[in-house]
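Visitor: Each chain, written out:
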Amino acid sequence: MMPELGKYAAEVLSAYAVTITLMVALLLISLRQSARTRRALRDVEAARKNRSGKESATDV
Amino acid sequence: MSERLPKPTSLWEYANPRRFMALSGFLLPFVAVGTAAALLIGLIWGFFFTPDDYRQGSTVKIIYIHVPSAMVAINAWLMMLVASLIWLIRRHHVSALAAKAAAPVGATMTLIALATGAIWGQPMWGTWWAWDPRLTSFLVLFLFYLGYMALWAAIENDDTAAELTSVLCIVGSVFAVLSRYALVFWNQGLHQGASLSLDKEENVSDVFYWPLLFCLAGFVGFFILLILVRTRTEVRARRMKALQARERMA
Amino acid sequence: MEMNVTELAVTRGGMRVLEAVSFRVVPGRAVVLRGPNGIGKTTLLRTLAGLQRADAGKVEPGPEAMAYASHADGIKATLSVRENLSFWAKLHGMFEISAALRDFNLETLVERPAGSLSAGQKRRLGLARMAVTGRSIWLLDEPTVSLDTDSVALFASAVERHLAQGGSAVIATHIDLGLDAEVLQLGPFKAEAPEDPHEDFHEAFL
Amino acid sequence: MEMNVTELAVTRGGMRVLEAVSFRVVPGRAVVLRGPNGIGKTTLLRTLAGLQRADAGKVEPGPEAMAYASHADGIKATLSVRENLSFWAKLHGMFEISAALRDFNLETLVERPAGSLSAGQKRRLGLARMAVTGRSIWLLDEPTVSLDTDSVALFASAVERHLAQGGSAVIATHIDLGLDAEVLQLGPFKAEAPEDPHEDFHEAFL
Amino acid sequence: MIALLKRDLALAIRAGGGFGLALAFFLIVVTLTPFAVGPDSATLATIAAGILWLGALLSCLLSLDRILALDFEDGSLELLATAPIPLEGVATIKAFAHWLTTGLPLTLAAPVLGVLLHLPTDGFFWLTLSLAIGTPALSVIGTFGAALTVGLKRGGLLLSLIVLPLYVPTLIFGAEVARRGTQGMSADTPLALLAGITLATVALLPFASAAAIRINLR
Amino acid sequence: MIALLKRDLALAIRAGGGFGLALAFFLIVVTLTPFAVGPDSATLATIAAGILWLGALLSCLLSLDRILALDFEDGSLELLATAPIPLEGVATIKAFAHWLTTGLPLTLAAPVLGVLLHLPTDGFFWLTLSLAIGTPALSVIGTFGAALTVGLKRGGLLLSLIVLPLYVPTLIFGAEVARRGTQGMSADTPLALLAGITLATVALLPFASAAAIRINLR
Ligand code: HEM
Ligand SMILES: Nc1ncnc2c1ncn2[C@@H]1O[C@H](COP(=O)(O)OP(=O)(O)OP(=O)(O)O)[C@@H](O)[C@H]1O
Ligand SMILES: Nc1ncnc2c1ncn2[C@@H]1O[C@H](COP(=O)(O)OP(=O)(O)OP(=O)(O)O)[C@@H](O)[C@H]1O
Ligand SMILES: [Mg+2]
Ligand SMILES: [Mg+2]
Numbered sequence: 043m044m045p046e047l048g049k050y051a052a053e054v055l056s057a058y059a060v061t062i063t064l065m066v067a068l069l070l071i072s073l074r075q076s077a078r079t080r081r082a083l084r085d086v087e088a089a090r091k092n093r094s095g096k097e098s099a100t101d102v
Numbered sequence: 008m009s010e011r012l013p014k015p016t017s018l019w020e021y022a023n024p025r026r027f028m029a030l031s032g033f034l035l036p037f038v039a040v041g042t043a044a045a046l047l048i049g050l051i052w053g054f055f056f057t058p059d060d061y062r063q064g065s066t067v068k069i070i071y072i073h074v075p076s077a078m079v080a081i082n083a084w085l086m087m088l089v090a091s092l093i094w095l096i097r098r099h100h101v102s103a104l105a106a107k108a109a110a111p112v113g114a115t116m117t118l119i120a121l122a123t124g125a126i127w128g129q130p131m132w133g134t135w136w137a138w139d140p141r142l143t144s145f146l147v148l149f150l151f152y153l154g155y156m157a158l159w160a161a162i163e164n165d166d167t168a169a170e171l172t173s174v175l176c177i178v179g180s181v182f183a184v185l186s187r188y189a190l191v192f193w194n195q196g197l198h199q200g201a202s203l204s205l206d207k208e209e210n211v212s213d214v215f216y217w218p219l220l221f222c223l224a225g226f227v228g229f230f231i232l233l234i235l236v237r238t239r240t241e242v243r244a245r246r247m248k249a250l251q252a253r254e255r256m257a
Numbered sequence: 156m157e158m159n160v161t162e163l164a165v166t167r168g169g170m171r172v173l174e175a176v177s178f179r180v181v182p183g184r185a186v187v188l189r190g191p192n193g194i195g196k197t198t199l200l201r202t203l204a205g206l207q208r209a210d211a212g213k214v215e216p217g218p219e220a221m222a223y224a225s226h227a228d229g230i231k232a233t234l235s236v237r238e239n240l241s242f243w244a245k246l247h248g249m250f251e252i253s254a255a256l257r258d259f260n261l262e263t264l265v266e267r268p269a270g271s272l273s274a275g276q277k278r279r280l281g282l283a284r285m286a287v288t289g290r291s292i293w294l295l296d297e298p299t300v301s302l303d304t305d306s307v308a309l310f311a312s313a314v315e316r317h318l319a320q321g322g323s324a325v326i327a328t329h330i331d332l333g334l335d336a337e338v339l340q341l342g343p344f345k346a347e348a349p350e351d352p353h354e355d356f357h358e359a360f361l
Numbered sequence: 156m157e158m159n160v161t162e163l164a165v166t167r168g169g170m171r172v173l174e175a176v177s178f179r180v181v182p183g184r185a186v187v188l189r190g191p192n193g194i195g196k197t198t199l200l201r202t203l204a205g206l207q208r209a210d211a212g213k214v215e216p217g218p219e220a221m222a223y224a225s226h227a228d229g230i231k232a233t234l235s236v237r238e239n240l241s242f243w244a245k246l247h248g249m250f251e252i253s254a255a256l257r258d259f260n261l262e263t264l265v266e267r268p269a270g271s272l273s274a275g276q277k278r279r280l281g282l283a284r285m286a287v288t289g290r291s292i293w294l295l296d297e298p299t300v301s302l303d304t305d306s307v308a309l310f311a312s313a314v315e316r317h318l319a320q321g322g323s324a325v326i327a328t329h330i331d332l333g334l335d336a337e338v339l340q341l342g343p344f345k346a347e348a349p350e351d352p353h354e355d356f357h358e359a360f361l
Numbered sequence: 006m007i008a009l010l011k012r013d014l015a016l017a018i019r020a021g022g023g024f025g026l027a028l029a030f031f032l033i034v035v036t037l038t039p040f041a042v043g044p045d046s047a048t049l050a051t052i053a054a055g056i057l058w059l060g061a062l063l064s065c066l067l068s069l070d071r072i073l074a075l076d077f078e079d080g081s082l083e084l085l086a087t088a089p090i091p092l093e094g095v096a097t098i099k100a101f102a103h104w105l106t107t108g109l110p111l112t113l114a115a116p117v118l119g120v121l122l123h124l125p126t127d128g129f130f131w132l133t134l135s136l137a138i139g140t141p142a143l144s145v146i147g148t149f150g151a152a153l154t155v156g157l158k159r160g161g162l163l164l165s166l167i168v169l170p171l172y173v174p175t176l177i178f179g180a181e182v183a184r185r186g187t188q189g190m191s192a193d194t195p196l197a198l199l200a201g202i203t204l205a206t207v208a209l210l211p212f213a214s215a216a217a218i219r220i221n222l223r
Numbered sequence: 006m007i008a009l010l011k012r013d014l015a016l017a018i019r020a021g022g023g024f025g026l027a028l029a030f031f032l033i034v035v036t037l038t039p040f041a042v043g044p045d046s047a048t049l050a051t052i053a054a055g056i057l058w059l060g061a062l063l064s065c066l067l068s069l070d071r072i073l074a075l076d077f078e079d080g081s082l083e084l085l086a087t088a089p090i091p092l093e094g095v096a097t098i099k100a101f102a103h104w105l106t107t108g109l110p111l112t113l114a115a116p117v118l119g120v121l122l123h124l125p126t127d128g129f130f131w132l133t134l135s136l137a138i139g140t141p142a143l144s145v146i147g148t149f150g151a152a153l154t155v156g157l158k159r160g161g162l163l164l165s166l167i168v169l170p171l172y173v174p175t176l177i178f179g180a181e182v183a184r185r186g187t188q189g190m191s192a193d194t195p196l197a198l199l200a201g202i203t204l205a206t207v208a209l210l211p212f213a214s215a216a217a218i219r220i221n222l223r
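Chains as they are written, first to last, in our numbering: chain A, 43 to 102; chain B, 8 to 257; chain C, 156 to 361; chain D, 156 to 361; chain E, 6 to 223; chain F, 6 to 223.
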């Protein structure tokens with residue numbers, strides 16, 4: 043399945059590896075931050091709802 | 008969203024955080040699927056099913072990541088410039104946050120372009136790095152990204168941060184163009200000319216063209232996807248801060 | 156010059172702190188702002204001075220008629236008292252500083268470097284700066300911090316002289332200055348959290 | 156542990172400020188230092204804590220028995236309340252911070268970054284640090300600055316608890332803490348200009 | 006305005022730091038260079054003009070945070086903002102005072118230090134000229150950076166990070182003038198470009214600086 | 006002691022400035038060098054090792070004032086002085102934390118930046134080795150300078166002036182190792198001397214730093 047990369051195999055593979063690593067890392071970091079703030083915001087909203095008894099306007 | 012919003016009457020209304028959250032939440036899955044598809048098709052096609060170039064051998068396969076990442080890196084800065092202008096002129100908070108969200112993505116893309124370019128340069132030019140204007144201006148662009156992100160991180164008040172980083176982005180753009188010309192003057196380069204121009208004569212040959220287009224679409228999609236995710240994070244963080252501040256005052 | 160503040164709303168650190176503040180100061184009169192810590196006295200004065208934008212409402216006349224004295228005095232330690240004062244005078248197109256030196260009892264200190272003054276003397280120098288701006292409306296934020304009782308009296312008489320010359324003053328303070336002035340309690344103007352749930356989210360970005 | 160201060164003389168900025176200060180603090184008791192601004196309360200406490208050398212006289216026991224809290228709290232804004240407190244605890248070889256958290260009503264704040272606390276909450280964290288040092292003599296310099304009345308009461312009861320466990324405290328303050336403590340007026344110990352003309356020149360180089 | 010300039014100069018001279026420290030740093034960087042790259046005089050001569058430019062730039066950089074920070078801390082900046090002179094004028098004067106106390110002494114010191122690095126004789130004139138024309142841009146750009154970071158705790162390193170990429174065009178043209186001059190080549194084009202950059206930044210950047218100061222004071 | 010080290014590292018990472026800014030400055034100095042001395046790769050290769058050492062030294066220098074100033078301002082330093090660990094230990098730990106957040110990243114980044122300056126292949130090993138051995142001395146000496154200037158307003162430039170002459174021996178031997186290594190010569194003698202300096206400073210300077218801190222706190 044692997045294509046014949048010839049004498050440049052190391053270069054091509056490392057280029058792809060670097061790219062994919064960086065992109066995946068960025069994606070994972072972004073998703074983790076997203077999940078974290080979503081959870082934190084939900085907690086804050088819940089605490090606020092409990093205190094005021096008022097219905098929260100949003101559920102973002 | 009728990010309740011319906013009235014139909015938007017102008018594009019600017021998406022600058023309302025609630026509308027933005029609704030729309031972006033709706034779009035996210037489609038963008039994600041589209042991006043994944045384009046990236047998979049482009050990369051697999053490019054990596055496995057294209058022939059080697061007669062001059063460059065298999066290294067030509069690097070083009071599928073190098074060129075898209077370079078293009079996204081530049082255009083991310085342009086997008087930040089536009090978003091900064093929108094914030095300064097029309098004061099739409101979401102655009103300021105989108106600019107903030109774009110910076111790390113742009114910086115990563117710059118890094119990818121630099122890394123893949125360097126890896127490509129070794130077999131092609133016999134050196135990892137040359138002080139070629141295009142390469143060098145990319146390095147400078149990377150510095151601009153770093154400074155911009157550091158400024159965002161250093162300022163506590165969010166609105167102040169938005170304004171100051173916008174000013175930096177605008178002034179920085181002018182200086183980025185200036186350094187580009189300075190660099191061209193300073194040193195003649197080694198780097199390839201434009202290869203995707205509309206002028207058919209100069210285009211890369213068709214075998215490489217189509218997978219490259221898919222990859223381009225994939226990288227742009229990846230950029231949009233991350234902007235959406237990260238801007239949503241920023242919007243939420245911002246709202247949380249406002250709520251906490253309100254609670255502290257109450 | 157009469158000062159008119161109408162329906163002013165002011166914001167600090169992204170949060171609305173005061174709303175619908177309206178008052179009037181006629182020449183020759185002073186207004187004392189009162190309210191607990193954190194109610195927004197400093198914020199209001201900064202808005203009046205044009206250092207931050209008002210969220211809503213109007214202030215007349217504009218900042219160019221007002222002289223503002225904050226907690227920090229803008230005094231340079233290595234310059235003498237005279238140099239400090241005449242710098243601010245020149246900047247405002249004035250040249251005469253001897254009256255201000257007399258009013259604030261600084262005459263014996265003119266050649267001392269400002270860094271060697273005691274806290275109270277420094278503060279007097281900071282207030283003398285108001286007199287050399289030639290502006291008619293003084294905005295004073297806790298002017299008597301670190302002044303002893305004698306200096307407070309001196310300050311009060313300087314303000315009275317300014318008022319007698321047709322000037323006016325807005326003063327934020329926690330103590331009694333012994334001035335004949337109207338008192339404006341800021342408590343009632345405290346900004347409420349908005350009721351409308353739609354506003355709510357938008358407000359996250361105020 | 157009993158604390159004995161004998162004939163202590165302290166110096167600040169090259170000037171002798173207090174002389175011949177002697178007092179005794181028995182376990183379970185607190186001493187309140189009083190005196191006008193600039194008399195040397197802070198200087199005295201710093202000397203007791205071993206941060207500066209005494210000009211003359213003796214303090215027993217040495218600095219290793221004392222915990223000192225100055226105006227600054229040594230709080231890191233980016234660390235959480237728990238991290239801040241347990242850092243100081245570990246540094247003093249202690250591991251248990253929950254009692255201190257409880258005593259100073261910080262339990263609901265443990266995970267908050269210390270930078271987001273209000274001034275009074277920060278101050279409470281600074282005082283909780285005393286409790287985790289495990290040292291028996293507390294030296295407190297104006298501990299109630301920026302505390303509201305509830306927190307002052309909380310602070311007083313924490314000090315009382317410390318005293319009840321056999322600790323002792325020396326507190327410099329301008330306000331009444333509601334503690335049952337001896338008062339030491341520092342006025343009488345104010346350093347005189349030396350009489351002996353020979354001393355005089357020497358003294359310029361103290 | 007002139008009062009402000011006079012005050013700033015008086016402050017720089019009395020505080021003792023203004024002139025001296027930037028110059029001293031320049032001296033140190035230049036003296037350390039032979040230790041770092043080795044004492045070979047041919048190598049040193051090749052890079053002398055460039056290192057002198059780089060050293061001047063770094064010294065300039067290190068004194069940037071004094072431009073506005075002191076005035077911010079003691080409240081003068083607020084008072085200046087409410088004074089009857091435009092903040093753009095204040096920004097210009099501040100940059101000018103910084104140039105007089107930093108750029109100018111550096112320009113004058115550069116030929117002397119050039120001797121240490123075996124700068125070829127032809128180079129002295131061009132080095133001095135390029136620094137004289139280029140350093141005003143460094144001060145103006147630096148003032149912009151200082152205005153952006155004025156309210157921040159420990160803004161120093163951040164300021165460097167923001168300002169350095171903005172210095173790239175000035176450095177390229179300035180060093181190019183000095184380098185070509187040293188090698189006896191014509192330096193007219195980079196000289197014109199350098200002058201252009203200086204004029205443009207002096208004319209335009211004070212507006213951005215003033216805007217940044219206003220935002221930071223808010 | 007370990008608690009202190011952990012705290013300092015946590016602070017450096019959370020504040021975001023610790024690692025990043027010194028590295029960024031290093032990157033910038035290295036990037037600017039070719040603009041100053043010209044793009045010719047042969048010239049660059051000759052001076053690469055020296056410039057990398059100089060750049061690392063300057064970046065290290067700029068982050069020195071963070072070592073103690075923050076702890077001084079918020080009162081932690083006083084509390085550390087009264088804590089049951091010797092102040093010499095505190096000084097050592099502070100220097101170590103500074104090295105971990107500055108010297109170590111600079112050492113690791115240097116080879117990458119060496120590519121930009123066309124550092125010859127032989128040089129990479131020696132450059133990294135000399136930096137790894139030499140940067141601890143930079144941190145320890147810098148901590149001493151920071152201790153001397155800790156109470157002063159705007160001590161930054163003064164700190165540089167005090168510390169730079171003290172850095173000269175380290176720079177000379179460090180750069181010499183890298184240079185000789187690059188040219189394929191034997192670098193044993195300077196390497197031994199460099200290691201000697203590092204060991205001596207690490208062993209002795211903390212006492213001086215602790216004394217300086219004690220005096221400054223008084
Ligand atoms: C560190 C080294 C390199 C960097 C920073 C770099 C950077 C860039 C940049 C900024 C672009 C422009 C994209 C655009 O204008 O839209 C680009 C495009 C390109 N690069 Fe590189 N590059 C590097 C090395 C190389 C090497 C070694 C090769 C091949 C021999 C190469 C081949 C290309 C090609 C074919 C394009 C597409 C040209 C176009 O469509 O405009 N690059 N690169
Ligand atoms: N830099 C700041 N960032 C964010 N919020 C702030 C800032 N400074 C003050 N605030 C908040 O703004 C509100 C108004 O503050 P302001 O300083 O105007 O009060 P004040 O009436 O002057 O109080 P004081 O009597 O203590 O001087 C307060 O609730 C305070 O917490
Ligand atoms: N850093 C300093 N350098 C020189 N002199 C100082 C310094 N700090 C304080 N002093 C002087 O030392 C004397 C004692 O100061 P100290 O701070 O001990 O007074 P205090 O009793 O704590 O006053 P307060 O009630 O204001 O806290 C004062 O006269 C003061 O002017
Ligand atoms: Mg106030
Ligand atoms: Mg005191």
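No wet-lab data here; the hints were simulated from the structure. One should not assume that every hint holds.
[To be verified] Within a straight-line C-alpha distance of at most 30 Å, the following computed DSS-like cross-link-like pairs (lysine-lysine) qualify:
# : chain 1 : residue 1 : chain 2 : residue 2
1 : C       : Lys277    : A       : Lys91
2 : F       : Lys11     : B       : Lys248
3 : D       : Lys213    : F       : Lys11
4 : C       : Lys277    : E       : Lys11
5 : B       : Lys248    : C       : Lys345
6 : E       : Lys11     : B       : Lys248
[Stated by the list, open to error] Derived, one-sided and incomplete: chain F residues facing chain D with beta-carbon distance under 7 Å:
#  : residue
7  : Leu10
8  : Arg12
9  : Arg19
10 : Gly80
Glycine included, every Cβ here is placed at the ideal spot set by N, Cα and C.
Visitor: Indicate, hint by hint, whether the structure satisfies it.
Guide: Here is how each hint holds up against the structure:
no. : hint                  : in the structure
1   : C:Lys277 <-> A:Lys91  : 51 Å, violated
2   : F:Lys11 <-> B:Lys248  : 28 Å, holds
3   : D:Lys213 <-> F:Lys11  : 37 Å, violated
4   : C:Lys277 <-> E:Lys11  : 22 Å, holds
5   : B:Lys248 <-> C:Lys345 : 20 Å, holds
6   : E:Lys11 <-> B:Lys248  : 45 Å, violated
7   : Leu10                 : 11 Å, violated
8   : Arg12                 : 5 Å, holds
9   : Arg19                 : 4 Å, holds
10  : Gly80                 : 3 Å, holds
Consistency note: the structure conflicts with the earlier hints numbered 1, 3, 6, 7.
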